[in-house]
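Trainee: Those protein sequence lines, which keep their order, are chains A and B. Numbering-wise, our numbering comes out as the position in the first sequence, counting from 1, plus 5. Numbering-wise, our numbering comes out as the position in the second sequence, counting from 1, plus 5.
What the hints contain is simulated information worked out from the structure, not anything from laboratory work. Quick caveat, the model's predicted, so the values are computed rather than measured. Just so you know, not all the hints are guaranteed correct.
Each pair may be met inside one copy or between any two copies, as identical chains are not told apart.
[Claimed, not checked] Listed next, the in silico DSS-like pairs over lysine-lysine satisfying Cα-Cα at most 27 Å (straight line):
1. K9 <-> K318
2. K9 <-> K323
3. K89 <-> K9
4. K89 <-> K73
5. K9 <-> K319
There are 2 protein chains.
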Amino acid sequence: MNRKILYLSQEDVRNVGLSMAEIIDAVERGFVEMANGRVEMPPKPGIHPGQGGDNFIHAMPAYIPAMKSAGIKWVSGYPENPQKGLPYIMGLVILNDATTGIPLSIMDCSWITGMRTAAASAVSAKYLARKESSTIGILACGFQGHTNLESMSVIFPLKKVIAFDPNKENREKFAKFASNKLGLQTEIVDDPKKAVTGCDIVVTSGPILKVPHETIKAGWLDEGTFISCVDFDSYFSRDALKEASKWTTDNLEQYNHYKDTVGYFKSCPEVYAELGELVTGKKVGRENDKEKNFAANLGLAMEDMAVAPLIFKKALEKGIGVWLPM
Amino acid sequence: MNRKILYLSQEDVRNVGLSMAEIIDAVERGFVEMANGRVEMPPKPGIHPGQGGDNFIHAMPAYIPAMKSAGIKWVSGYPENPQKGLPYIMGLVILNDATTGIPLSIMDCSWITGMRTAAASAVSAKYLARKESSTIGILACGFQGHTNLESMSVIFPLKKVIAFDPNKENREKFAKFASNKLGLQTEIVDDPKKAVTGCDIVVTSGPILKVPHETIKAGWLDEGTFISCVDFDSYFSRDALKEASKWTTDNLEQYNHYKDTVGYFKSCPEVYAELGELVTGKKVGRENDKEKNFAANLGLAMEDMAVAPLIFKKALEKGIGVWLPM
Numbered sequence: 006m007n008r009k010i011l012y013l014s015q016e017d018v019r020n021v022g023l024s025m026a027e028i029i030d031a032v033e034r035g036f037v038e039m040a041n042g043r044v045e046m047p048p049k050p051g052i053h054p055g056q057g058g059d060n061f062i063h064a065m066p067a068y069i070p071a072m073k074s075a076g077i078k079w080v081s082g083y084p085e086n087p088q089k090g091l092p093y094i095m096g097l098v099i100l101n102d103a104t105t106g107i108p109l110s111i112m113d114c115s116w117i118t119g120m121r122t123a124a125a126s127a128v129s130a131k132y133l134a135r136k137e138s139s140t141i142g143i144l145a146c147g148f149q150g151h152t153n154l155e156s157m158s159v160i161f162p163l164k165k166v167i168a169f170d171p172n173k174e175n176r177e178k179f180a181k182f183a184s185n186k187l188g189l190q191t192e193i194v195d196d197p198k199k200a201v202t203g204c205d206i207v208v209t210s211g212p213i214l215k216v217p218h219e220t221i222k223a224g225w226l227d228e229g230t231f232i233s234c235v236d237f238d239s240y241f242s243r244d245a246l247k248e249a250s251k252w253t254t255d256n257l258e259q260y261n262h263y264k265d266t267v268g269y270f271k272s273c274p275e276v277y278a279e280l281g282e283l284v285t286g287k288k289v290g291r292e293n294d295k296e297k298n299f300a301a302n303l304g305l306a307m308e309d310m311a312v313a314p315l316i317f318k319k320a321l322e323k324g325i326g327v328w329l330p331m
Numbered sequence: 006m007n008r009k010i011l012y013l014s015q016e017d018v019r020n021v022g023l024s025m026a027e028i029i030d031a032v033e034r035g036f037v038e039m040a041n042g043r044v045e046m047p048p049k050p051g052i053h054p055g056q057g058g059d060n061f062i063h064a065m066p067a068y069i070p071a072m073k074s075a076g077i078k079w080v081s082g083y084p085e086n087p088q089k090g091l092p093y094i095m096g097l098v099i100l101n102d103a104t105t106g107i108p109l110s111i112m113d114c115s116w117i118t119g120m121r122t123a124a125a126s127a128v129s130a131k132y133l134a135r136k137e138s139s140t141i142g143i144l145a146c147g148f149q150g151h152t153n154l155e156s157m158s159v160i161f162p163l164k165k166v167i168a169f170d171p172n173k174e175n176r177e178k179f180a181k182f183a184s185n186k187l188g189l190q191t192e193i194v195d196d197p198k199k200a201v202t203g204c205d206i207v208v209t210s211g212p213i214l215k216v217p218h219e220t221i222k223a224g225w226l227d228e229g230t231f232i233s234c235v236d237f238d239s240y241f242s243r244d245a246l247k248e249a250s251k252w253t254t255d256n257l258e259q260y261n262h263y264k265d266t267v268g269y270f271k272s273c274p275e276v277y278a279e280l281g282e283l284v285t286g287k288k289v290g291r292e293n294d295k296e297k298n299f300a301a302n303l304g305l306a307m308e309d310m311a312v313a314p315l316i317f318k319k320a321l322e323k324g325i326g327v328w329l330p331m
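Could you put the whole structure together from the sequences, leaning on the hints where they help?
Mentor: As structure tokens, this is what we get:
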């Protein structure tokens, strides 16, 4: 019984040095596997502690044979946490040896979740945005604002970012990141419309709300724009959504569950394609320079489990983490 | 970000010194909560790595507000592992702070699983066996044979154990445990019938099989016996099962899933009661000294999450475990 398990803290996970480009590649390969029916990903059940609130802790298991990846993310979302100085999202990924079931590694899920979500946005954009997209609007400059800007900068020749966030601290942190780390021309605006009109790509990355605030109105979007709705349909007026040429998601089954049972995506357009269908060419992506194409990705266990083995491998190579007795 | 998480290895979990009596008490209280609709326990999804085999890794989340317990067990079962010198069952429990979602502790699940399964047997026996039960038969002397003997010895004035196991090593280890640790008169038999006829309580704890081996025949069971089928219906001929006065389980929904979808419990008796109904007096347990009463418990996430907070508390008190940065 001398088996050991590798624990990777939030800092360890960050420090293994997996790049956004590598994550985008892994997530895209995961979508290929999924579209070909080669991923086992059962529905994600959860528990909901607290009185009638929106707290959740979700179990997200997935098995991707081609990546020798089997495991689970156990992730909590407590909307009132930030008021207590705690993160909204917390949790762990467990990576198992698919051939024996043995847990190989336990790793903090925060960084992985942020990065793989942004990577999925970028994969959607690869098929739905104009290749020469150079101006991006980011509405809400939290962690997802940062990671989505980074992932888009991997795929597109971005020059300029226009960012909107009611929160001053978020805005300032974001501006530093965009100009210093990514070298982009950075404009912070007080009017959300300015982060939409004139942009080739728009990312909405605010809080996910069951009753959308519908800030973005009809007529704000230019022709040819791609929009990644990281916060689901929260940012869009129903009239603005009518402008959608192609409305897509990462997983139709989960989308329909969110729509019909949980109550998101009311009066949203019909889903044109799943991301896996775009990636494998089963459905065509952008067809001209005028389409206004949307991705409303939900976040899948497959994405976490596409990334986890890469983290584990790099951690082994670099000797990062704490080995624990089983 | 100075949050820490307590890791407890298999040895740590054992060493915190939680007694079987405490575990039985916790599991019974858990059944009270469940019977009163105060436990959130979604269906357990899983993944199934390997080619068409019986490998599984299951997610078992549960939330028990009265015990301030929220968390998950992520547990693998690989039937071919023992041939490789690896355990059949392996996995981890994650215990979360129900008020913030923060993971408090990660602990090995093997000991907890073994102990809580045996505790559930004992809770069933408390309501379905004769109070003066003193002779117990154990068929298959693996880990569950050991723990079930121990749990029954907490509830009943056991004097003698009659044990059957085709595996010599198991038998010898078990005999030592029964006589030295529990101080019981111990008889090892080559004929399975001798571990059934003449016993007040019978525990079948072999491997769980979709096609039962049906070793125990009609007429073997004495009147007044209680049987805990830890290995489901694997040990019983269908004729022997017809002798059942009361056939019970820990969770009807899960039982029906196993029966109708997975394929266990074919031609078994109708379920008389769920364990929670017995514990809360919603259904009456044993009514006379002649009944042959059965429990076919499946193992519930609730049971793990009833035990996990007690392990965590004792570990804190005794300073056991490794504190990890989040």
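Trainee: Does each hint fit the structure? Answer for all of them.
Mentor: Going through the hints against the structure:
1. K9 <-> K318: both (15 Å within a copy, 24 Å between copies)
2. K9 <-> K323: Both: 17 Å inside a copy, 23 Å across copies.
3. K89 <-> K9: between (35 Å within a copy, 17 Å between copies)
4. K89 <-> K73: between (39 Å within a copy, 19 Å between copies)
5. K9 <-> K319: both (17 Å within a copy, 24 Å between copies)
This entry satisfies every hint, going by the numbered hints stated previously.
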